[in-house]
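A.B. asks: Each chain, written out:
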Amino acid sequence: MDSALRVVVADDSVLLREGIVRLLEDAGMEVVAQSATADGLLRSVVAHRPDVAVVDIRMPPTHTDEGIRAAEQIRQRHPETAVLLLSQVIEAQRVMALFQERPEGFGYLLKDRVLELDDFVEAVRRVARGGTAIDPEVVSALMGRRTEPSALDDLTPREREVLGLMAEGRSNQAICRKLFVSPKTVESHVNSIFVKLRLLAEPDDHRRVLAVLAFLRG
Amino acid sequence: MCDDLGRRDRLLNLFRISLILLGVVLGLVGCRIQVDHLHSTAARALAQTAAGWAFLLAGLVAWSRRPANRLGPLMLATAFALLLRQLRYSHDPALFTAFFGLGDVAFALVGHSILAYPSGRVTDGAERMLVVAGYAVAFCFPVATLFFYDGSPLLLYDPSPRESLLLVRGSENAVELLQKTQIVLFFGVLAALFIALIVRRLARAGPRGRSVLAPLLLAGVVIALRAVFECVFTFFDRPFALDTLFWWQISGVIALPLGLQAGLLRARLARSRVGSLVLELERTPPQGLRDALARALDDPTLELVFWLPERGVFVDAVGTPVDLPSEGGRALTRLDDEGGPVAALIHDPILLEEPQLVEAAGAAARLALANARLQIELQAQLLAVRESRSRIVAATDEERRRIERDLHDGAQQRLLALALALRTAERRHHGSLDPEVEQLLAGAVSELQDAVRELRDLTHGFHPTLLAEQGLEAALASLSARMPVPVEVRLQLVERPEPQAEAAAYFVAAEALTNVVKHAGAGTVSVVVEQRDGLLRVEVADDGIGGADSRGSGLRGLADRIEALGGSLVVDSPAGLGTIVRAQIPTRGAAA
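Respectively, the protein sequence lines represent chains A and B.
Heads up: the first sequence runs through residues 1 to 218, numbered per our numbering.
Heads up: the second sequence runs through residues 1001 to 1592, numbered per our numbering.
No lab work stands behind these hints, which were simulated from the structure alone.
SDA-like, lysine to any residue: derived pairs with alpha carbons at most 25 Å apart:
| # | chain 1 | residue 1 | chain 2 | residue 2 |
| --- | --- | --- | --- | --- |
| 1 | A | K178 | A | D119 |
| 2 | A | K178 | B | R1427 |
| 3 | A | K178 | B | S1446 |
| 4 | A | K178 | B | Q1439 |
| 5 | B | K1518 | A | P136 |
| 6 | A | K196 | B | P1486 |
| 7 | A | K178 | B | H1430 |
| 8 | A | K178 | B | Q1449 |
| 9 | B | K1518 | B | D1543 |
| 10 | A | K178 | B | A1442 |
| 11 | B | K1518 | A | S140 |
| 12 | A | K178 | B | P1484 |
| 13 | A | K178 | B | D1450 |
Pulled out of the complex, with its shape left as it was, chain A reads as follows (with noise of 0.2 Å):
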């Protein structure tokens, strides 16, 4: 296991919050500070240098977007320290602005998913390296979003699958797991994903990403 991830860990309910807390240093994780507010989440941010804030979007004092503004401010004077948005229900449209312009280190989940208690410290883990995490019901709904005609008609409903598995920040091993296919049949997808959305020029990281902006965008 790599040196323990450091996080810190923002949300004003204090039962929910250290029911993460003990999730994530159950995982090996170091949780080095809690916070009900977001100010109280940028000044721990700025004390602490986490890899990683989970941050929930609503918190006092207005109990709005909070969050969203804390997660701005994070990303744009630390970049350095990735962060994982929280929220009870889909508030996709300004998460994904923020997630379109910088999709690494960056993750957006439902609340619900933190008792998909493996999927959730994966989550974590893969967007303190600096990966991608997106809900899938948000991505699905990004999905269902979708009326002009794209590039993205071209792909089969199982390239559509793999790419939505992609776009939720899933690496190829994990959605051979998920779809109980080889790696080797997910790799084929992959890269037809790539031919079709002309992306094969780029290096292999970038166009997984702008394959994922140009699914997210629809």
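Put chain B on the given structure of chain A with help from the hints.
C.D. replies: Frame of chain A, contents of chain B only:
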């Protein structure tokens, strides 16, 4: 009783005829005396007399047409004073003494008549004082002059001497001093004050007042001319342009009573307009009532207010409470019926001088006013109901928001925390637990998970935070993103609508989209929101099976909500041809 009235009328007519005869005879006698004893030309003598006759004529007409107005009798008195004044030129000592002593009172009466126009009363303090001063000067100085007049040539006359029956001690100097002082006081000081007061009255009057007071302008000019004439006559040895001045001023004096009387008749004309008001009002809608009254009373500034007994206030035609004028150039006439006040007229104070006119107009309009008041009362109630409806909607929205927040920050988080705790416990003790307990734990977690999800869906439908925070566009985007069918959203907003309208538009879209998903079996849906002409138009159209029931409780509730805001909701859903839900929501636009 009819006979009594007839007899009184006959007596009155007889009286009037004898007044005319008396006036004519007096005038002719005066003419004769002027020609014989003053050696005036016949034309001049006749012109002087004509001034008296003009007052006689005008006074009689005014008196018969407006019996309640004292201006008629006042003008008649002036007429006889003017006619009698001519007798002062007689060589007969008694006539000379009587009418030299009292004759100038005629001038004071002329001034009094003018200032009493149009009501017949002098109400203003300054004007009253001026009238009294006029009488005093016109009486005291000539009488005093008679004490000293011993036959020496009087300033104003031919050289032939008269005999004063009041002579105490003859003094030519005293006579000259008194005469000149009187002219200066009367035609200098008092005339100047008089003109100033007329100008003041005209300046203070409203539009209606000015048209009524127009004859006063003539009066001002006449008095000025007369004053110049008297001063020139008195103070210059060889008066220049005296003849011209004489004819100008005497024409003015003759025209003056006719002008005053014409002014009174104008008000009389207004009265006949009031007479036709009853007929006119039968065809006048309540909104036209004020205009009709303003026309009938010839006061374009007239305001009409209605008494609302329930609220105990006067309101205007659209039901807004009105403050009644306490002072400051506006007058108030209340129109009552047996049950108390019905309405009130706020008008030019000049109308107070003709209370009968205003009352007649009020009486003519009473029925129409009562009807109009009922309508306005109804309107005011409707307004109140509409306002309370929209307050209820606003309160409901606020309540939804509060519930949403409470559930979100309270129950949802707790349930989730509980589920997480159970799941973590399960994980930590995996394998060491009784399989039955493990199964129970798993079941509990999954139940809690469902509960959280259900709560989330429930609260989201209540009042989306996104709407309050970021407005319609973001909320609709998020809404359509959650729909399992593709939704095309087109939005054209000029400015952000106020929260109530915004919420209504959102709920229309949300309810319509929910129905589409549940019932329509549609392939595509479009949501179009446009802001135009103070209306927020929402249209949700799908290509589904149609046949939607607009009376479904969801849409019915929405229609209520939108109608409370003064808008409308229409569902067009022919079987097989898709469904279109259209809403129009009035919006004022919010500064947010």
